[in-house]
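Number of protein chains: 6
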Amino acid sequence: MAKYVVSRVKTGIPGFDDLIEGGFPQGTTVLVTGPTGTGKTTFAVQFVYKGAELYDEPGVIVTLEERAQDLRREMLSFGWDLKKYEEQGKIAIIDGVSSVVGLPSEERFALEEGLNVEGFLRYVYRVVKSINAKRLVIDSIPSIAIRLKEEQNIREVLLRLNTILLEMGITSILTTESEDPKGGKISKYGVEEFVARGVILLDLVEKDVELKRYLLIRKMRETKHSMKKYPFEITENGIVVYPSGEIY
Amino acid sequence: MAKYVVSRVKTGIPGFDDLIEGGFPQGTTVLVTGPTGTGKTTFAVQFVYKGAELYDEPGVIVTLEERAQDLRREMLSFGWDLKKYEEQGKIAIIDGVSSVVGLPSEERFALEEGLNVEGFLRYVYRVVKSINAKRLVIDSIPSIAIRLKEEQNIREVLLRLNTILLEMGITSILTTESEDPKGGKISKYGVEEFVARGVILLDLVEKDVELKRYLLIRKMRETKHSMKKYPFEITENGIVVYPSGEIY
Amino acid sequence: MAKYVVSRVKTGIPGFDDLIEGGFPQGTTVLVTGPTGTGKTTFAVQFVYKGAELYDEPGVIVTLEERAQDLRREMLSFGWDLKKYEEQGKIAIIDGVSSVVGLPSEERFALEEGLNVEGFLRYVYRVVKSINAKRLVIDSIPSIAIRLKEEQNIREVLLRLNTILLEMGITSILTTESEDPKGGKISKYGVEEFVARGVILLDLVEKDVELKRYLLIRKMRETKHSMKKYPFEITENGIVVYPSGEIY
Amino acid sequence: MAKYVVSRVKTGIPGFDDLIEGGFPQGTTVLVTGPTGTGKTTFAVQFVYKGAELYDEPGVIVTLEERAQDLRREMLSFGWDLKKYEEQGKIAIIDGVSSVVGLPSEERFALEEGLNVEGFLRYVYRVVKSINAKRLVIDSIPSIAIRLKEEQNIREVLLRLNTILLEMGITSILTTESEDPKGGKISKYGVEEFVARGVILLDLVEKDVELKRYLLIRKMRETKHSMKKYPFEITENGIVVYPSGEIY
Amino acid sequence: MAKYVVSRVKTGIPGFDDLIEGGFPQGTTVLVTGPTGTGKTTFAVQFVYKGAELYDEPGVIVTLEERAQDLRREMLSFGWDLKKYEEQGKIAIIDGVSSVVGLPSEERFALEEGLNVEGFLRYVYRVVKSINAKRLVIDSIPSIAIRLKEEQNIREVLLRLNTILLEMGITSILTTESEDPKGGKISKYGVEEFVARGVILLDLVEKDVELKRYLLIRKMRETKHSMKKYPFEITENGIVVYPSGEIY
Amino acid sequence: MAKYVVSRVKTGIPGFDDLIEGGFPQGTTVLVTGPTGTGKTTFAVQFVYKGAELYDEPGVIVTLEERAQDLRREMLSFGWDLKKYEEQGKIAIIDGVSSVVGLPSEERFALEEGLNVEGFLRYVYRVVKSINAKRLVIDSIPSIAIRLKEEQNIREVLLRLNTILLEMGITSILTTESEDPKGGKISKYGVEEFVARGVILLDLVEKDVELKRYLLIRKMRETKHSMKKYPFEITENGIVVYPSGEIY
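Those sequence lines, one after another, are chains H, P, S, E, D and U.
Per our numbering, the first sequence runs over residues 1 to 248.
Per our numbering, the second sequence runs over residues 249 to 496.
Per our numbering, the third sequence runs over residues 497 to 744.
Per our numbering, the fourth sequence runs over residues 745 to 992.
Per our numbering, the fifth sequence runs over residues 993 to 1240.
Per our numbering, the sixth sequence runs over residues 1241 to 1488.
Chain H extracted, bound-state conformation (with noise of 0.2 Å):
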């Protein structure tokens, strides 16, 4: 049998793609968790943002914790213009907050309010259709289960979001929270890890009274991944991971 090759889609974070076999297997959904203040947002959006400019990939951006407008003026400070691939049709971003919090929105894709996980994932669909995008961001898990308005199982909701993104095909970022990734507990509701297939740790550790940032991935189905912990600065273009750095 001739051996079987897995397709690989370029991160575009200086430094990581080669801790996992050249960039995440085509079509998986990775989790990427951690602290508050330790990078998800800017990891997630710097993969869509940097399949638009380098790697020519539309990709669809769920903002769920912040407004389009905040997020885009957030992302300037790495000289990031979101607003240019969206109008090349490059990159969507979809406003799941205006509507929540009671104010309009002028954004051209927006989440109504109230809406079920059915609802949501028919509109990401749609709108992964409508640029034919190869990447997504959803930002993020514990956003979705607050909205939520059934008694839906948390798991059995990531389980159909894990399959029916499968199924799209599209490679994703679902990024969610970890209190204390030491005491073992890496995400919000303990399960989120379990239904990924692969799972990245951003966390911080303390040496000589100041935080250091550290990258772990913790599972990568279809690739021979390292297990360490790699050093990851966020700089003023975006996050570096350094494959040959150390932590301590």
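Take the hints with a grain of salt, since some may be wrong.
[As the list claims (entries may be wrong)] Each pair of labels, with its calculated beta carbon distance range: (1) P:THR483 with E:ASN860: 52 to 62 Å; (2) U:PRO1483 with E:GLU954: 28 to 38 Å; (3) H:ARG122 with P:VAL453: 14 to 24 Å.
What the hints contain is simulated information worked out from the structure, not anything from laboratory work.
Each residue gets a CB set at the ideal place from its N, CA and C atoms; glycine is no exception.
Since the structure of chain H is provided, determine the placement of chains P, S, E, D and U on it from the hints.
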């Protein structure tokens, strides 16, 4: 593309602004968290007081933990005469305690009892506009949570609060409580830090049977910031941070 | 502007006042917390007894953990004759136990059963006025919480209690319990310390298979205070703090 | 004023009375707590048995964990013949188990099933009076809590129990359970220690893969006591404390 | 008075009886607890099997975790032929699993489904009498708890079970589970150890990346016992304890 | 009596069978547990795949975490062509995901939605019989628990599942999740390990900022097994255990 420049708001806390590229990003919302007795209220009031005194920026303080009159008296011990700037229309204090405890209030700005979150935000908005405030303090989030009569989700309320403050374009400090920051839990409800755009931890560390104060910037969007633990003191003139000091 | 001067109330606890600029700020409310057997009741009663004996300031003790007569007997072991000052109108003890346990009380001041927080505060206010008290002790907060028949929020009750005591202008000590202060939880409900304006922790530390007592001032508004752990003892004359002692 | 002298009740436990100024304060209530197998029942029964044998003081044992007949048999292994003193009217055992488990009891004193706390206290009071008891043991508090059919608050029940025992003037031992005293939780419900006037912890510490017994007096009102951890053993004659021994 | 002598029941576990004055006190109830895979079932069955084989004492095994036939097969790996002694009327196995899982049982003794605790005890009593059993094993307490259809308090059920076993005069082993004995929690519900008269912990300790088995007698009434941690092994002939071995 | 010999089922995992006397006891049920990303699914599928490839034993895989087609694709990265053996009738995959997420399935074997535990077992039984399977994998227990529509007790369901698998005589692997095995909690619900007859833990340990994989056999009835922690790797050919390697 020309480099995007973030406007900075000087905090008026000696030694602090150097740690965050000159000040808070204008229009951002910052969470100040920590255990009891670490100086959260002092930090927040100093931000508004120095705004009026040094930078001619009007500010609003929403006090939900103690009456306006008690806050004024306390701040006198730092030599801060809030009354003076209130009379000049540079500071406004919204008393959120008197009505709740059933005492009459002679305050100009006071919250009614049984206010819901919309009413609360509307009232704050009105006071902010009336003095054209550029700075806002809400002390504290747990006190808002307690006042919510309806069964509202604290995460959703914070998301709404945060977004509306961003929409108002005002630079804000929200305070919350953290019983045990070293155990990874840096806020009361475990969600405040994920919704806020900046997180500053005020904490204590024991050294030779004495507790020492330190400050840690856990998160500050649009800002390149240090993640070091800096010593600070509560002097007779308020908080002073020592960027070159060592806490151990 | 002339420097604002805070009036100080001497506690009558040898060695303690030097740690807080001469005494409690007049009119403040202080929380005394700690595990069982650390001397919280002794600390609180000493404050009232010495007020009457040394400073000619009348004081009220609300005893919710044991009957007035049991408290009187116990304090005799320190040589403190509460009865004497009660007869002189310098001390009043409000018995909050007899009615609850269904025993008749011959006390002059006794709480009725089934009192709500308003009734409780009104009764305390009346007794305070009747002897023109300057000092007040409520022993303890968990006992108040238990007595609340309605479904009241403990944080709101404490906020009300604290504000009304401030309004009365009386200097007060409230006691509460802490099972495990070293684990970061310094009070029974996790909210008492945030509402009070001063927090004193009485705790134990093990040294050579012996538990040693120490005291830590965690918070004291309007006061520059040390954050060191000071050794103290419960002598046959009451509590004595050793400001220059070492606990390790 | 003449120095107040506290009457002392000798416990009959060799080596122990020296640690507490000669014995328990007369009329006090002491909590004996600890993990399983540390000797709580033995400590409590020894107090009553030696009272009858050495000091001619009648005593009552309320046994809620095992039947009177099982307790008698067990205590024979220490050479203690409870039956002998029961026949002399110096000891009375109230069987609180037989009725609960649905077995007939031939005991002279036995609790009925479904007793509320008032009925329980009334019955105990009657038996105490019938032999003019000076000492009382209730083994154990969790067993009382289980029997309470109404939704009573354990803290309020203990406050009532404690106060009525004080009113009766009887010197009492109550036992309770502590899973993990080293973790700061020294009782089953976390409230027993705050209501009782004395607290004695019986615990174990590991030394060279062997568990060693030690005793710690955590609290004893009206008494100047050591806070050292003292080794003790359960010998064939009952508990012996070694005031000059070392546990490590 | 002549010294009271406790009759001893030899366990048939090599090396163990020497640690407890020759055997269990006759008629007592012993709890065997520990994490998974520590040999609780083996310990309990060995007690009954060796009773029949070496001491001619009939015994009953109530198996609630696996069917009688599965237990028999497993025990063959230790060379124990339970069937042989069942045919001789020296061992009876009560199958408590088949009916619950809806499989037909050809067992002579089998529990019906939906049994309450009284029915359970009555059935066990009948089987014990039918072979005049001196030894009894119930494996396990959590399985009883699960089967209780009514809302019964586990502590009360255990008190009843324990007392009735004492009344029957039979020497019994009950097994229970302990996830984390080192953390102080030595049983599933935190109450089993307080109700039982003996407690034996089977646990594991890590030494050089290998887990080693040890046994600790935490409690044994009427018995002077060591509190040392003894190594043991599960050999091809069952459990062997090494009283002079070292676990570290 | 002739020595009882247990039949062994070779796992097909290099280096593993030597640790357990040559293989799993035939007909037993083994729990494979561990945190995310430790290789539980790979371990389980390898057991069935190698059974078909090397030992000519048919096997069934129940996949409840991902669709059959996703599982097939993933396993190709180890060079395992499940499809080939499915066509030969040596492997059957039951898709338990498609119906739940509302996607159509073209699988030959697929679970309907809303299945109760009896229906689930009946379906599995039918597929096992249809290919005369000797090996079975159910991936995973938490996914079963989620699907149970009725309020069934997880312990009772596992007891039933385990007993029926034993009755079927099939050698089975069940997977479950463990967030923090080092803290003593080696399974999701804290009961799986007590019901299963074998427990294998796949876990990670940090060494020089790198996580290393190890395997520990916590329990294996009818088997003399080591309790050492063995290093293993997930190679491009699947899992390989190193019986003579060192993890530290």
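Each hint, compared with the structure:
1. P:THR483 with E:ASN860: 52 to 62 Å: With Cβ atoms ~60 Å apart, the hint holds.
2. U:PRO1483 with E:GLU954: 28 to 38 Å: Given a distance of about 34 Å, which is inside 28 to 38 Å, the answer is holds.
3. H:ARG122 with P:VAL453: 14 to 24 Å: violated, 51 Å
Of the numbered hints listed earlier, the single one contradicted by the structure is hint 3.
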